[in-house]
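Model the full structure from these sequences, guided by the hints.
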Amino acid sequence: MTVSVSITVNGKPVTRQVEGRTLLVQFLRETLGLTGTHVGCDTSQCGACVVHVDGRSVKSCTLLAAQADGCAVTTIEGLAAADGALHPMQAAFREHHALQCGFCTPGMVMSAVDLANRHPGGMDETTVREGLEGNICRCTGYHNIVKAVIAGADTMRGAPAKAAE
Amino acid sequence: MYSFDYHKPASLSDAAALLGKAEEGKLMAGGQTLIPTLKQRLARPTDLIDLGAIAELKGIKEEGGALVIGAMARHADVAASDVVKRMIPGLADLADNIGDAQVRNRGTIGGSIANSDPAADYPSAIVALNATVHTVKRTIAADAFFTGMFETALEEGEIITAIRFPRAEKAAYAKFRNPASRYAVVGAFVARTGGSVRVAITGAAPSVFRWTEAEAALSANWSAAAIDGLSVKADGLNADIHASADYRANLVKVMTKRAVLAAG
Ligand SMILES: Cc1cc2nc3c(=O)[nH]c(=O)nc-3n(C[C@H](O)[C@H](O)[C@H](O)COP(=O)(O)OP(=O)(O)OC[C@H]3O[C@@H](n4cnc5c(N)ncnc54)[C@H](O)[C@@H]3O)c2cc1C
Ligand code: FES
Ligand code: FES
Chain C
1 MTVSVSITVN GKPVTRQVEG RTLLVQFLRE TLGLTGTHVG CDTSQCGACV VHVDGRSVKS
61 CTLLAAQADG CAVTTIEGLA AADGALHPMQ AAFREHHALQ CGFCTPGMVM SAVDLANRHP
121 GGMDETTVRE GLEGNICRCT GYHNIVKAVI AGADTMRGAP AKAAE
Chain S
1001 MYSFDYHKPA SLSDAAALLG KAEEGKLMAG GQTLIPTLKQ RLARPTDLID LGAIAELKGI
1061 KEEGGALVIG AMARHADVAA SDVVKRMIPG LADLADNIGD AQVRNRGTIG GSIANSDPAA
1121 DYPSAIVALN ATVHTVKRTI AADAFFTGMF ETALEEGEII TAIRFPRAEK AAYAKFRNPA
1181 SRYAVVGAFV ARTGGSVRVA ITGAAPSVFR WTEAEAALSA NWSAAAIDGL SVKADGLNAD
1241 IHASADYRAN LVKVMTKRAV LAAG
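Protein chains in written order, with this note's numbering: chain C, 1 to 165; chain S, 1001 to 1264.
Derived by calculation from the structure, the hints in this document are not laboratory data.
Glycine residues also receive a C-beta, built at the ideal position from the N, C-alpha and C atoms.
A couple of the hints might just be wrong.
In silico SDA-like pairs for lysine to any residue, Cα to Cα no more than 25 Å straight-line [unchecked claim]:
| no. | chain 1 | residue 1 | chain 2 | residue 2 |
| --- | --- | --- | --- | --- |
| 1 | S | 1026 | C | 42 |
| 2 | S | 1039 | S | 1117 |
| 3 | S | 1085 | C | 16 |
| 4 | S | 1058 | C | 122 |
| 5 | S | 1085 | S | 1240 |
| 6 | S | 1021 | S | 1153 |
Cβ-Cβ distance ranges computed for the label pairs, FRET-style [as the list claims (entries may be wrong)]:
| no. | chain 1 | residue 1 | chain 2 | residue 2 | range |
| --- | --- | --- | --- | --- | --- |
| 7 | S | 1046 | C | 35 | 28 to 34 Å |
| 8 | C | 102 | S | 1037 | 38 to 44 Å |
| 9 | C | 122 | S | 1063 | 34 to 40 Å |
| 10 | S | 1216 | C | 158 | 44 to 50 Å |
| 11 | S | 1085 | C | 54 | 19 to 25 Å |
Among chain C residues calculated to face chain S with C-beta under 10 Å, some are [what the hints assert, rightly or not]:
| no. | residue |
| --- | --- |
| 12 | 69 |
| 13 | 130 |
| 14 | 138 |
Now the structure itself:
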């Protein structure tokens, strides 16, 4: 038995018939061709698959597409402006050299944006490190990711950005 | 994952009817434990009944002096709830330290206690705060709810609707967490209500248990020092790659002391 799933993905409503067992990440990558969302572990550990469902970050490998029926989903493809201008968090990741191979980056950025939204008063390093516990990076050692998230969050709330060290 | 028929009923009665009709029905709350289980093909339900659209299961409120949390309240909702922070701040704090932000955005209190993972956090709060588990057919006292490793008093198809926590004067949780999963290697929840003290330990044994010696010691003297003279036997405690039984026995003491200090 298939189920009809209607989701607003990056602002665009889509409806598809899928199997009940289809994961949200499969729906995004395979049904819609949005391959920016990655699968690192497929066991809910690494956070490479993080997207927003109704504004909250979730691991899309641990959610059925059918569970997101009627919801708004934002993926990494949905962050940049229509003219291609990067989202402040994406720009901060580039500025602060917060990625090496880039595999974890889409999930890191999506988690970071949610974290910044939930801390409108700004964040210290400990808050960022704790907030990113669900995201694993095998390359960077996290240091530059933390710098980027603090800088990106500053820009998001209109605080003067600090230059990369 | 094996295939199944997916259902999203809008009411408890529809959910119960679907369960009744299914050859092998399975309830799903946040899916944070169930989906990984299905992926590993450790379960093979014919029908998956998603509780996510049932309004009656949501919500957190104060009712007759007690805190009532709907089964589908997510960990992030409990952590951020003003009602929880006002009535039992230690419980909000526990919820805020479950797993990671993404797990907290989906995982629910009902799913956590129905699962009865020996290393889960919530069972300690249910037992120490002497909460009552409300289901579609009855209420179950905390002390009767957790019956063993991944086992509870729930009958086949019995749906948890809410958990009712009496207000405590002092309550706090301390856990020594596994750095990778954030589950409790050992967690201690202490609560004082009236003259009575309850101490519940998770992570250390196959299921949550009350540490009655500590309860007696803290009833006589509510201070971390009251725990100093007690000893915990390692017999029967969990031993795995994360910690030996002896280490866990020591952690039971240390975490209980930390919880008392945190409760103030
Ligand atoms: C990476 C990761 C880290 C985690 N870390 C922690 C941690 O540190 N501490 C911790 O305590 N937990 C942790 N968890 C578990 C998490 O809290 C889960 O959310 C929880 O165990 C299950 O809740 P759920 O809502 O996702 O339930 P589900 O996975 O949907 O369901 C679990 C079980 O409960 C049953 N069930 C669900 N709702 C009901 C109901 N209302 N009535 C009757 N039965 C029901 C289901 O049928 C199923 O058998 C972690 C999970 C992950 C993936
Ligand atoms: S792929 Fe989802 S958490 Fe790793
Ligand atoms: S940049 Fe390679 S995993 Fe993070």
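Going through the hints against the structure:
{"no.": "1", "hint": "S:1026 x C:42", "in the structure": "22 Å, holds"}
{"no.": "2", "hint": "S:1039 x S:1117", "in the structure": "18 Å, holds"}
{"no.": "3", "hint": "S:1085 x C:16", "in the structure": "41 Å, violated"}
{"no.": "4", "hint": "S:1058 x C:122", "in the structure": "30 Å, violated"}
{"no.": "5", "hint": "S:1085 x S:1240", "in the structure": "35 Å, violated"}
{"no.": "6", "hint": "S:1021 x S:1153", "in the structure": "23 Å, holds"}
{"no.": "7", "hint": "S:1046 x C:35: 28 to 34 Å", "in the structure": "32 Å, holds"}
{"no.": "8", "hint": "C:102 x S:1037: 38 to 44 Å", "in the structure": "31 Å, violated"}
{"no.": "9", "hint": "C:122 x S:1063: 34 to 40 Å", "in the structure": "37 Å, holds"}
{"no.": "10", "hint": "S:1216 x C:158: 44 to 50 Å", "in the structure": "56 Å, violated"}
{"no.": "11", "hint": "S:1085 x C:54: 19 to 25 Å", "in the structure": "23 Å, holds"}
{"no.": "12", "hint": "69", "in the structure": "7 Å, holds"}
{"no.": "13", "hint": "130", "in the structure": "9 Å, holds"}
{"no.": "14", "hint": "138", "in the structure": "14 Å, violated"}
Hint check: violations occur at hints 3, 4, 5, 8, 10 and 14; the rest are consistent with the structure.
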